[in-house]
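Undergrad: Top to bottom, those sequences are chains Y and B. Under my numbering, residues 1 to 656 are what the first sequence spells out, in order. Under my numbering, residues 657 to 857 are what the second sequence spells out, in order.
One or more of the hints may lead you astray.
As the list claims (entries may be wrong) - FRET-style restraints, in silico, Cβ to Cβ:
1. D796(B) x F611(Y): 49 to 55 Å
2. D718(B) x V564(Y): 47 to 53 Å
3. P750(B) x P525(Y): 37 to 43 Å
Said to hold, decoys possible - Cross-link-like lysine to aspartate or glutamate pairs, in silico, EDC-like; alpha carbons within 16 Å at most:
4. K389(Y) x D428(Y)
5. K567(Y) x E612(Y)
6. K379(Y) x D260(Y)
7. K95(Y) x E146(Y)
8. K804(B) x E629(Y)
9. K452(Y) x D49(Y)
10. K296(Y) x E521(Y)
11. K804(B) x E651(Y)
12. K515(Y) x D718(B)
Since the hints were made in silico from the structure, they are not lab data. Built from N, CA and C at the ideal position, the CB exists for glycine as well.
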Amino acid sequence: MNSFSSYSSLLIVLLSAALFSCSNPGVKTGGVLDMDNPSKVYVAPGEHDEFYAFMSGGFSGQIGVHGLPSGRLLRIIPVFSVDAEKGYGFNEETKPMLNTSFGFVPWDDSHHPELSQTNGETDGRWIFINGNNTPRVARIDLTTFETAEILEIPNSGGNHSSPFTTENTEYIVAGTRFSVPYPQKDVAISSYEENFKGMLTFIKVGDEGEMDIAFQILLPAFDYDLAHSGKGKSHGWTFFTTYNTEQKTTLLEVNASQNDKDFIAAINWKKAEEYISQGKFKEVPANYAHNVYDEKSHTATSTMKKSVKVLTPEDCPGLVYFLPTPKSPHGVDVDPTGEYIVGNGKLSADLTIHSFSKMLTAIENESFEKEIAGIPVIKFEEVVAGVVKDAGLGPLHTEFDAKGNAYTSFFITSEVVKWNVGTWEVLDRASTFYSVGHIMIPGGDSKKPQGKYLVALNKITKDRYLPTGPELCHSAQLYDISGDKMKLLLDFPTQGEPHYAQGISADRIKPNSKKFYPIEENEHPFRTMGEKESRVEREGNNVHVYMTTIRSHFAPDNIEGVKVGDKVYFHVTNLEQDWDVPHGFAMMGANNAELLIMPGQTETLLWEPKFEGVYPFYCSDFCSALHQEMQGYIRVSPKGSSVPLLWRLGEDEFES
Amino acid sequence: MQSDNVGKSMEMKNIIPRILMLMSGLLLVSLFFFPMWNITLYAPQYPGGVAMYIWINKISGDTPATLQNINILNHYVGMKYIVPESIPELKYFPYIIYGMIALAVLFSIINIRPLYLFWGLLMIALAVAGLYDFYLWEYDYGHNLDPKAPIKIPEASFQPPLIGKKHIVNFIATSYPALSGYLAGLSIPVAFAAWWFKGKK
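Isolated chain Y, as found in the complex (with noise of 0.2 Å):
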């Protein structure tokens, strides 16, 4: 990212200046707003968002949870990162959630969150989003705001082109954006076009959410950079864009850039299952982990998978077709009729538009230009359904509006661009500040978008806001688009570097939000269901600590008996059954994080005293107005000690 974005920063004065000098001054601040412009994001106190936003977490690998039009921040969803604030991967219930073939990966890069969806409609369900370093999936509960699943992706190098949702999340999908030998062995990097291959990857979608991979597809060993579903007419298709079809290994900034045109991938998924159902699939060894936290028993298992059905192309023709598409295009974006197949040719000043129905033509005439690997490259002029053109320069990423308009971001020139689609004429420009990625439009990857606005994710935010060191946080833009013309609304910042954001109306969620986990459904293995069963078990040098909590105190709060060298387990339930009365659990010298317990719910902290002495604990979420005296101590002795296993709360002394 450091050495493109300086390269990039270099380009955009050069070429903002040298292709828009006459439309544009050179420097513009977006300063200058509309005096009407602040009621439109402004929200009383008090008073809710019309919209959710789920902006990927980038970097952090989480998500982040804002409000729109205000840009309010409201949650940060841990996923695929550590997040000691929550507990999250640092207590026991939780640290299974992270667990890989590679054993616990604490981090990863999350990219595009996807909402499910019914009928091509955003349904408020579940959120999907991909890791993209350790290749992964995640599945987000949006009536807890929970990581409720993570499937790890097999024989994938980096899983970028995901998750991307059919109309009725039958199947969330999973491109490898780096190629690898296939099965992955010890070889010459050198022998790349031997031996890697690129790995598509479709995981079925059951109506609890569950995900389980349906397929994979083994494809040349290409870059699979972006993908997304039909929709409407070409339900049942999937698109992903590819780059480095010049398969080469190193410096891919200049190598990887030669070709005229790359591919979008277009695989006949329906086909797909037909050929697995006449099993001309191989079953393949496979060792990838299945991750799934049950909200009854508030504890995530992980189980290892070992095995994968691959279908080969060669196989299974009508399985896959190649459509040459100007210039390593990255986002590829089917228009709300499922008609338009949008290929961003991020080094192209052109936007190449593909029609779905000419290429259905075109299968049928075999009207192919030549095949690799057994799959048929149509000709591109029996595909391509028009040209945006002199668009800007970088094209990444479009979305749509309900009124047949597309908006594609231009990295180089930091704008993003208003078309109609059809015509393919440009109808309006807005700066970004600076250098936008992805955009979003609630619902605008769907059949039906609902947005009255556009927020731009960009990528580099320079003096956007008061400074705060070298690093900054990245910059987020929302625009008015229910106009003619776009209007910048609002700045606000964002959590690590969101690439794809999805948005969806508020009531489409809001009702279904949980309030707190019923105590009386709490099947956890070490609950306590009341402050009576509170009590402490030793098992060899186990401790299980059966803790309760409600205002304002611990039960039992007073331990001794432990000793150096014990393993103490502190399984904390929270009695509370009230909105918003979370309990923390803060051990001393604990090598691991707080525990932050929601009403109703249990978990697990492992403490291993070191030194003798007594210890405190202590309530870390502020729970009321005695939340202060909300403590207890731990006396630890030492090795070999015969004091007593004992617990107290107030009067009551108990002894094992």
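Start from chain Y and add chain B according to the hints.
TA: For chain B alone, coordinates are given in the frame of chain Y:
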């Protein structure tokens, strides 16, 4: 024609009081299906209020956990926990109501005018006794405080209003009859109507 009319009016005179008396009994049946009294606490941190419902035989809240949440709030100032199992009235009041329903059925069969009056007066006496009992419980909860309470506010009374609205520390407490309370109250004028119709010439 005339004797027909007289016959019809005699018939009406006999039927209407009986139906009214049965209605009074039926109105009491509602006590077993709907709450009779509602106390709601309002504070900024509780935007929707915390509502407690008193039934003839139980105490409930707007959520299953409301009573626990009220008890948690109350313990800061040393108020006793509200434990429905320890309130004897919730056990024997239902039997009194069964008795009143049985009497209503019996009286409508016997159909003697003073019995209708008697039922209405008895019901008034029970309602007054019930409200007085309710007041005593409220007084006890509001005044009989744990001397070890974490928060002590001299002179403050935590007793909710018998009926109406009152400031209690940071809360506004409202106390009003709920659906079956109104319906049971209505049984009294209905019984008096039976008495009045029975005496009508």
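Undergrad: Which numbered hints turn out to be false for this structure?
TA: none
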